[in-house]
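Protein chains in written order, with my numbering: chain C, 3 to 230; chain S, 3 to 230.
Possibly wrong hints are sitting among the right ones.
For chains that are exact copies, the list does not tell them apart, and a pair is met inside one copy or across any two.
Here are the computed lysine to any residue pairs in the SDA-like style, where the Cα-Cα straight-line distance is at most 20 Å [as the list claims (entries may be wrong)]:
#1 Lys125 with Ser195
#2 Lys106 with Asp90
#3 Lys125 with Phe141
#4 Lys106 with Gln84
#5 Lys114 with Asp133
#6 Lys106 with Arg86
#7 Lys106 with Arg82
For the record, the hints were derived by calculation from the structure and aren't laboratory data.
It should be emphasised that the depicted structure is a prediction, and the values quoted were computed from it without experimental measurement.
There are 2 protein chains.
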Amino acid sequence: MILEKIEKSPQTLRDIVQARMREAIFDGRFAPGERLVERPLCEQLGVSRTVVRETIRYLEAEGLVEIIPNRGPIVATLNRDQARQIYDIRRQLEGAAAAACAQKQGRDLGPKLSAALTTLQEKIHDTQWVDFLQATTHFYELIFQEAGHNIAWDIVQRLNGRISRLRTLTITDPTRERPGMSHMVAIHDAILSRDAQRAQLAVENHIADAAQIANRFLQEAEAGLDHG
Amino acid sequence: MILEKIEKSPQTLRDIVQARMREAIFDGRFAPGERLVERPLCEQLGVSRTVVRETIRYLEAEGLVEIIPNRGPIVATLNRDQARQIYDIRRQLEGAAAAACAQKQGRDLGPKLSAALTTLQEKIHDTQWVDFLQATTHFYELIFQEAGHNIAWDIVQRLNGRISRLRTLTITDPTRERPGMSHMVAIHDAILSRDAQRAQLAVENHIADAAQIANRFLQEAEAGLDHG
DNA sequence: TATGGTAATACGGTATACCATAAGATCATT
DNA sequence: AATGATCTTATGGTATACCGTATTACCATA
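Given only the sequences and the hints, what does the whole structure look like? Please build it.
Written out as structure tokens, the structure is:
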């Protein structure tokens, strides 16, 4: 065998619709708790019910939508306890990935990670927070890949989907001085100096910080709802 | 309010089909790599294609089936690396749950956990390994619940689905002396004595042990395939 | 017998129409 | 104002048809 298998991209309608809806949920065009009525969705997207329904099943399994019996799907909501749990799991998985990455890194990681960090620093004051989020994701993706923790990465990404609103909130918060950046630098340095323990700690600090801000947001939101 | 909410079982066809297929994959009636052809499935289950397809989307998101482009769904396969990763994640999540459970347990946990352990000891030599597996699941479920880690529990259960074959293999292995039991006792004792660190270690030992056996199995299987 | 071409088949991907039922909203009635 | 009847909306589920593509089986030919 000399030739490698030819890679066609048979992207199905499902894949597209899935991406679209995920996107819409991520940047809040579908608010949490909002109903996802099938037929209007079909019209908006210009696809049949079959496609929409299959997509909804998929997103349901991902935890992005919830099904109310005999009522249909709604965009999943998130309370403070769930958020806490999610950040806690992320802390574990990302910490472990960083540690593993620090240990087993190949010689081509250094440049790539540094480049990712640079992009991050460029995008930090960008008005397009989406870009910054994406850069953050890419930074962590590198770490997970190098660590060989791709299943954990899948899990983390899925969890991130469920807290996407929080992530944008914490990023776009004007009162925040974005201390995240210093953490990222710490993570980068620790990994490149092959210090597993320090890398893990840096990640855990980063997440703990984010979790705290998220918690504050949710607290305010819930308080606001009470006497709203 | 005096009367409690009446629990209708709005179990949809989808739910049933989902449970059936998951079951079938779990106990190997659908072998890994086997194709899941829609129309025959519809006939076997007596439902329409829509239901089957929606189910498949859900199981796809769970990682239980894979979709091959232009070919359709197959039962997901598992290689050694993936198994290693899954056991690694389980080690983290279950360890953390045990630690948290040891700390924040209420006074009604003791009896329940002890009862679960007893059931476990009864079922250990049962010819119906399914029962033993179920008892194990219940034991851990108690721990996660008490710890308040229900999202992590979802993740663990999903991961367990992907290694279900391995779990039955490790349990039904005649050469194994089921050292799992002693670990379970250690976990139980550590939690009841509120020793978080010891509980975590006990869990980690338990999983490490299982992972090792699973790894041996897969190694043999892969070697067997090579010159088979 | 090996090669190449072609037809048949199988199956996923997609669309549409239909029915039954549950939940919610509206409105009339007492 | 509580009750009850009715209408509307939308889901849950089914059946059916169509297209495109991949695989397979078959056949002809060199």
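Hint by hint, which ones does this structure get wrong, listed from lowest number up? Those not satisfied come down to hint 1.
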